[in-house]
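Enquirer: Spelled out from the first residue to the last, the chains are:
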Amino acid sequence: MFANYDFDVIWRSLPYLFYQGMTFTLLLTALATLGGIVIGTLLALMRLSGTAALTLPAAAYVNLMRSVPFVLMIFWFYFLVPYIGQWMTRSAQPLQVGAFASCLVTFTLFEAAFFCEIMRAGIQSIPRGQMAAAQALGMTYPTTMGYIVLPQAFRNMVPVLLTQTIILFQDTSLVYVISVTDFLGAASKVAERDGRLVEMYTFAAVVYFVISLAASRTVAHLQRRIAIIR
Amino acid sequence: MNYHWNWAIFWELSPDGVHTYFQTLLLGTGWTLATAACAWIIALTLGSLVGALRTMPFAAAVRFGNVYVELFRNVPLLVQMFLWYFVMPEIVPRAFGTWLKQQPNASFYTAVVALGLYMSARVAEQVRAGILSLPRGQRQAALALGLTLPQTYLYVLMPMTYRIIMPPLTSELLNTIKNSAVALTIGLMELTARARAMQEFSFQVFEAFTAATIIYIVINIVVTFAMRVVERRIAVPGYLGFKAPAAGH
Chain E
899 MFANYDFDVI WRSLPYLFYQ GMTFTLLLTA LATLGGIVIG TLLALMRLSG
949 TAALTLPAAA YVNLMRSVPF VLMIFWFYFL VPYIGQWMTR SAQPLQVGAF
999 ASCLVTFTLF EAAFFCEIMR AGIQSIPRGQ MAAAQALGMT YPTTMGYIVL
1049 PQAFRNMVPV LLTQTIILFQ DTSLVYVISV TDFLGAASKV AERDGRLVEM
1099 YTFAAVVYFV ISLAASRTVA HLQRRIAIIR
Chain A
262 MNYHWNWAIF WELSPDGVHT YFQTLLLGTG WTLATAACAW IIALTLGSLV
312 GALRTMPFAA AVRFGNVYVE LFRNVPLLVQ MFLWYFVMPE IVPRAFGTWL
362 KQQPNASFYT AVVALGLYMS ARVAEQVRAG ILSLPRGQRQ AALALGLTLP
412 QTYLYVLMPM TYRIIMPPLT SELLNTIKNS AVALTIGLME LTARARAMQE
462 FSFQVFEAFT AATIIYIVIN IVVTFAMRVV ERRIAVPGYL GFKAPAAGH
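Protein chains in written order, with the numbering used here: chain E, 899 to 1128; chain A, 262 to 510.
Don't read these hints as lab results, they were simulated from the structure. Every residue gets a Cβ at the ideal spot worked out from N, C-alpha and C, and that includes glycine. A portion of the hints provided could be inaccurate.
[As the list claims (entries may be wrong)] Each pair of labels, with its calculated beta carbon distance range:
| no. | chain 1 | residue 1 | chain 2 | residue 2 | range |
| --- | --- | --- | --- | --- | --- |
| 1 | E | Ala990 | A | Thr306 | 50 to 60 angstroms |
| 2 | E | Ile1124 | A | Phe357 | 45 to 55 angstroms |
| 3 | E | Asp906 | A | Thr306 | 53 to 63 angstroms |
[What the hints assert, rightly or not] Every beta carbon over 10 angstroms from chain E, so not counted as near; a handful from chain A, in silico:
| no. | residue |
| --- | --- |
| 4 | Thr281 |
| 5 | Ala298 |
| 6 | Glu331 |
| 7 | Val336 |
| 8 | Trp360 |
| 9 | Leu361 |
| 10 | Gln363 |
| 11 | Pro365 |
| 12 | Tyr370 |
| 13 | Val374 |
| 14 | Pro411 |
| 15 | Leu418 |
| 16 | Ala473 |
| 17 | Thr474 |
| 18 | Asn481 |
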């Protein structure tokens, strides 16, 4: 049954798949998660600030990102980032940005909307009395947030944030639509060059499956360990 | 910004020679909705079945359900689309594979199956959570009354579950619509693909993507609003989500 298949192609392309492709995928996942959590937390603070000037733009941004397909957003940023770069550096021509920088901006800004909702839920899960107690002790709003509310919100939300990171990891495969060489992009290039679509796509699926499953098992384990007994 | 804006581009004829660019976007919207609707039927049917299996008192059924969900949740949708589109026709018997590849709307059927199965795993998670949220007395009471297990699910547990998990199901429906954009990678000319094509032919990048974005937002608002009406009508009295109708005399 396997007579017509050439599984050796996987072995031959392993260095390319992992050194080039998987490095890109994992680096993008890690940096976009960090950036997304930072910007997402700021967005969450804006949404919870109670000032319309901050609440409305943040809510509009989050709802926009959440109602549009990620693929469309990847296209948007792919064409928009050079113009943003031009505007920021005040150069005469749209700025040439590399594939990685473009993807990083896209993923950070898109996932920030999802991290925002997670952090908002985390902040809202902190009992109101803690805020009141901090204020009664004379703490300012930034101090209260930075030392009392956010650390606890973050801790409560670690499993959800990590689950979102696994989703982000799977979403990185979508950079295929702008022909970037991530893990799937690398697999697809080898597949088309050698006419080995069955072998390469099956292998890609297995790799994504193993990594995602291992990661989600780890998260479930972590969730049991760090759960606060109330 | 030295970008040349031209909003009149929508009324110009697209390269297909028949439709304006605006009409091609509407055609794409049609494909997006058709794909999402068909995939949603599969997702809801299989998702309910698998979700229910995972709460049944049979270890084998639970294990099957768990494997099913893990399988479809841990592989990116794009990779699953490729598996169905490029790999599946090659590993089935040759005649059947050839027949599959010759179907005129192969990318549509493939997208529906791939998206439907992918979303069914997520629906199964919601259904399972919904069933487990029911007081255990409901199942016991139904069985004590002499209902068989299938009857218990059909007449007691599932109707309650659907009414409780309506809000998360709404977001899964919206996800199905959004995820249908991934099908452009296997050649389905849905909304995002049409916007991309319009950009390629007319060079009006931002007009094309703005139009597509607005259409997605409108779909989103309409679906959310419709589902909210449904949610209100089927909310279970006594639960927090239920708002009592205005009291009359």
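Enquirer: Each hint needs a verdict: does it hold in this structure or not?
Expert: For each hint, the structure was consulted:
no., hint, verdict
1, E/Ala990 / A/Thr306: 50 to 60 angstroms, "57 angstroms, holds"
2, E/Ile1124 / A/Phe357: 45 to 55 angstroms, "50 angstroms, holds"
3, E/Asp906 / A/Thr306: 53 to 63 angstroms, "41 angstroms, violated"
4, Thr281, "21 angstroms, holds"
5, Ala298, "16 angstroms, holds"
6, Glu331, "6 angstroms, violated"
7, Val336, "5 angstroms, violated"
8, Trp360, "18 angstroms, holds"
9, Leu361, "14 angstroms, holds"
10, Gln363, "18 angstroms, holds"
11, Pro365, "21 angstroms, holds"
12, Tyr370, "18 angstroms, holds"
13, Val374, "15 angstroms, holds"
14, Pro411, "31 angstroms, holds"
15, Leu418, "26 angstroms, holds"
16, Ala473, "6 angstroms, violated"
17, Thr474, "6 angstroms, violated"
18, Asn481, "4 angstroms, violated"
Checked against the numbered hints above, the structure breaks hints 3, 6, 7, 16, 17 and 18 and satisfies the rest.
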